[in-house]
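Trainee: Residue numbers (the working numbering), protein chains in the order written: chain A, 327 to 806; chain B, 327 to 806.
Simulated from the structure, these hints should not be mistaken for laboratory data.
Hints may be right or wrong, so weigh each one.
Stated by the list, open to error - Restraint ranges, calculated between C-beta atoms of paired labels, are given here:
| no. | chain 1 | residue 1 | chain 2 | residue 2 | range |
| --- | --- | --- | --- | --- | --- |
| 1 | B | Glu475 | A | Asp344 | 41 to 51 angstroms |
| 2 | B | Arg504 | A | Glu656 | 18 to 28 angstroms |
| 3 | A | Glu708 | B | Glu783 | 54 to 64 angstroms |
| 4 | B | Asn645 | A | Ile643 | 33 to 43 angstroms |
As the list claims (entries may be wrong) - With a cut-off of at most 30 angstroms between alpha-carbon atoms, the simulated DSS-like pairs for lysine-lysine come out as follows:
| no. | chain 1 | residue 1 | chain 2 | residue 2 |
| --- | --- | --- | --- | --- |
| 5 | A | Lys709 | A | Lys698 |
| 6 | A | Lys762 | A | Lys476 |
| 7 | A | Lys410 | B | Lys410 |
| 8 | B | Lys774 | A | Lys395 |
| 9 | B | Lys647 | A | Lys365 |
| 10 | B | Lys410 | B | Lys395 |
| 11 | A | Lys390 | B | Lys646 |
| 12 | B | Lys365 | A | Lys365 |
| 13 | B | Lys476 | B | Lys355 |
| 14 | A | Lys476 | B | Lys432 |
| 15 | A | Lys388 | B | Lys395 |
| 16 | A | Lys395 | B | Lys647 |
| 17 | A | Lys432 | B | Lys410 |
| 18 | A | Lys388 | B | Lys636 |
| 19 | A | Lys365 | B | Lys412 |
| 20 | B | Lys387 | A | Lys647 |
| 21 | A | Lys646 | B | Lys647 |
| 22 | B | Lys453 | B | Lys410 |
The structure displayed is predicted, hence computed values, not measured ones.
A virtual CB, placed ideally from N, CA and C, is assigned to each residue, including glycine.
Protein chains: 2
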Amino acid sequence: MSGKENNFVKDITNIDEDFAKWYTDIVIKAELADYTDTKGCIAIKPYGYAIWENIQNYTDKKFKEVGVKNAYFPVLIPESLLEKEKEHVEGFAPEVAWVTEAGGQKLEEKLCIRPTSETIICTMYSKWLNSWRDLPFVYNQWCNVLRWEKETRPFLRSREFLWQEGHTIHETEEEAKRRTMQMLDIYADVIENLLAIPVIKGLKTESEKFAGAEETYTVETMMHDGRALQAGTSHYFAQNFTIPFEIKYQNREGKEDYPYQTSWGISTRLIGGIIMAHGDNRGLKLPPKVAPIQTVIIPIAMHKEGVKEKALEIFNILNKKYRMEIDLREQYSPGYKFNDWEMRGVPVRIEIGPKDIEQGKIVLVRRDTSEKIDVKIEEIEEKLHSVLDKIQENMYNICKERMIQKTTIAHNMQEFEENLKENQGFIKAMWCGSEKCEEKIHEKTGAKSRCIPFKEENIDNKCVFCGKYADKMVIWGRQY
Amino acid sequence: MSGKENNFVKDITNIDEDFAKWYTDIVIKAELADYTDTKGCIAIKPYGYAIWENIQNYTDKKFKEVGVKNAYFPVLIPESLLEKEKEHVEGFAPEVAWVTEAGGQKLEEKLCIRPTSETIICTMYSKWLNSWRDLPFVYNQWCNVLRWEKETRPFLRSREFLWQEGHTIHETEEEAKRRTMQMLDIYADVIENLLAIPVIKGLKTESEKFAGAEETYTVETMMHDGRALQAGTSHYFAQNFTIPFEIKYQNREGKEDYPYQTSWGISTRLIGGIIMAHGDNRGLKLPPKVAPIQTVIIPIAMHKEGVKEKALEIFNILNKKYRMEIDLREQYSPGYKFNDWEMRGVPVRIEIGPKDIEQGKIVLVRRDTSEKIDVKIEEIEEKLHSVLDKIQENMYNICKERMIQKTTIAHNMQEFEENLKENQGFIKAMWCGSEKCEEKIHEKTGAKSRCIPFKEENIDNKCVFCGKYADKMVIWGRQY
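Isolated chain A (complex conformation):
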């Protein structure tokens, strides 16, 4: 490799020296997104957006299989609506952006840009709902939302972000709770099977739940450095919004009643999760199922007779079945191209040069293991399929293994702090249920409660902080 090529990789900060800087290096250099003149807001570049499109397509299909219908509600919400549910306005008002002038005039009532759409959607549901026969409403919107964060970070904490928000109302508590879980299961499916990131499903504590919700369920994931990323949430609202928003209907007994509500969302933050869960010192590493480019073909000694033609021939065959790219740039050496596409996280590269052609083969190189595999040209189409599957599986297993290794048990605060220092990672510890203990743990360690996992383990019966009786096992960790 030439000096220039070395520099090319050196430009990325070492992942174990400064993970935060490594992260932004990847975002910019892999051309996923860029900073803009609108402070705290990013532009999502085509390569990053293609990841989002793959997430959308997979998720939207799963949604439609369980009866979700897409709709669209206004981006602007009048101040009076935001204020109807007390906890909700307290949670969101401090971080909204307000439109106060429009069409050359000062507005009589200011309008906020939606930080989430419960309030505007509730006003519509109250208009649309009449009888139990109309229920359930199972609507979703794919849209942009805005939250005026003080410290921002591309994808993870951007003032504007893209997401989907599902909002449902149901006749019974039971049906609403079932829907809450069903959507959480879809998120777990998306994150585990598409993004190759294992999740822990659980219930958020009171202090960590969504503003206005009765219960918030979460899928928690672990990043490269052991920190947590909340990857998706599903909320059960009971009648907390349907009563103040007067969403009334005539029930089966002919009486006036209020339905039970849920909401649930995942966002472009998942792209941050993919980067931080899988990336390494060579750059981004994309799971094949969500990768915009699954395989790149790099011809070697392109000027030699027949090389470019053979490479294009193979490209055209594979392009029918896989998301392919071929790198015919003449100004770069093969070595530069190898680094470039590794940095962009493409799961497989195919090298093909004059000698390979003579021998009727190509060389297939895995991004995850760097393994080189000679494959006969006539067998590539099939072989590629199994290699992509193996990469997907291996990437999941690596994350799973890390999560197991970096999850430890603490019986007391000394163990808690020692484990966290050694491991970063997740701590399993008992909790008495007091918000005060939760707060103190956070103050002392920087770790927050991730969730009360569905798979409970009984460690002992003493709160890790106060030592009083405890029957809840909580997973704790520092977070993004």
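Using the hints provided, position chain B relative to the given structure of chain A.
Mentor: Same frame as chain A, but now just chain B:
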């Protein structure tokens, strides 16, 4: 039909008595959209949104076939950016909404909600472009935009609407102009083949072009009442934005140069176009290719043994190939259901009752012609395909016929006014090129220049208004 069922249809205003009221009746009653507490903004209901999704899927596929890549840019644009191109800010500043407070503080610089994204995208392009090797950029975003209209109308003129906006930059004028035309052709394809509405392609006059563009091309359509709807536009910018936004690059000769730019868009206004081009006194009439429900099955005498089962059996077979619905509601009579689904514009209904089952057939009813066709049960799957195709074709032909009939030639203003009075519709007339004549024609008749069509006809060589020499034939019409 019972009295109630009669009322049901009577609720829709007569299309030829009050077309505007008929339009809003359809929007609300067919559950396409609804008014919201955010003045001038609508909520798009699932049935309306499903039409948009079908338009998106079709269009996005066509885009990707010609190398368009999706991306996403911030919804908020700093005031200073909007002001960089003089014509552009003059055109858009009066109708933008401004964010002046956020996160509990007054902003130092106010931010507008994008009315269109040329300015913010140009700042990114200037950052991203270095060499001729990087060109072209052919990016698009599907997003919401906001324009503070004084008079609003669901879909047609809503303050917030959904659209796609493509923004490209190219090495040469020729390439940029070719892209402008290519995208116009895709719009013509979408509108003619998917929406079954014929278009006239042409160039906008100077006074009608996009603020800041060098040339604006349009696809113009004609509605039920003869008025025009501008259905999509494609703009050629030359270097009008790339120079003020300093989008520079090193060209093939190693010199600094500015690229040539285009932008192009279609929006949810097309849903308004579908309603107004095809609807009738029974309600909405959807072209099969864009209809969320292509066929509805209505069992007759549902309580009789075997009817529901047979209907469901047929539903399950057809549902694999077509977008289907089955109406099993017990509280409504078949007659009510017929009206209901006709009003919602479903292209085909299938009636199946005990006698039909005995005879091994169903009755298929076309929404466009009311024709009833007996079809053997084993032949429905195939037959339905050809019937849907015929409906699509027939709906296009009806619109085409109307456009031909309602397009007349005028040699002078008397003819112009008489024709318009008689026909509404389009007037073909010669124009000298003076903006003043254009303005006067508008003042006098309410008609604006739609476009200078690609298919020119030479009527005579005198301007219809001033009588001076004219070599441009313009199509004129009142518009939505």
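Trainee: For each hint, tell me whether it holds in the structure or not.
Mentor: Results of checking the hints against the structure:
| no. | hint | verdict |
| --- | --- | --- |
| 1 | B:Glu475 with A:Asp344: 41 to 51 angstroms | holds, 49 angstroms |
| 2 | B:Arg504 with A:Glu656: 18 to 28 angstroms | holds, 25 angstroms |
| 3 | A:Glu708 with B:Glu783: 54 to 64 angstroms | holds, 59 angstroms |
| 4 | B:Asn645 with A:Ile643: 33 to 43 angstroms | holds, 35 angstroms |
| 5 | A:Lys709 with A:Lys698 | holds, 13 angstroms |
| 6 | A:Lys762 with A:Lys476 | holds, 26 angstroms |
| 7 | A:Lys410 with B:Lys410 | violated, 41 angstroms |
| 8 | B:Lys774 with A:Lys395 | violated, 40 angstroms |
| 9 | B:Lys647 with A:Lys365 | violated, 48 angstroms |
| 10 | B:Lys410 with B:Lys395 | holds, 26 angstroms |
| 11 | A:Lys390 with B:Lys646 | holds, 15 angstroms |
| 12 | B:Lys365 with A:Lys365 | holds, 28 angstroms |
| 13 | B:Lys476 with B:Lys355 | holds, 25 angstroms |
| 14 | A:Lys476 with B:Lys432 | holds, 14 angstroms |
| 15 | A:Lys388 with B:Lys395 | holds, 24 angstroms |
| 16 | A:Lys395 with B:Lys647 | holds, 20 angstroms |
| 17 | A:Lys432 with B:Lys410 | holds, 24 angstroms |
| 18 | A:Lys388 with B:Lys636 | holds, 29 angstroms |
| 19 | A:Lys365 with B:Lys412 | holds, 24 angstroms |
| 20 | B:Lys387 with A:Lys647 | holds, 17 angstroms |
| 21 | A:Lys646 with B:Lys647 | holds, 23 angstroms |
| 22 | B:Lys453 with B:Lys410 | holds, 16 angstroms |
Taken one by one, the earlier hints fail for this structure at numbers 7, 8 and 9, listed in ascending order.
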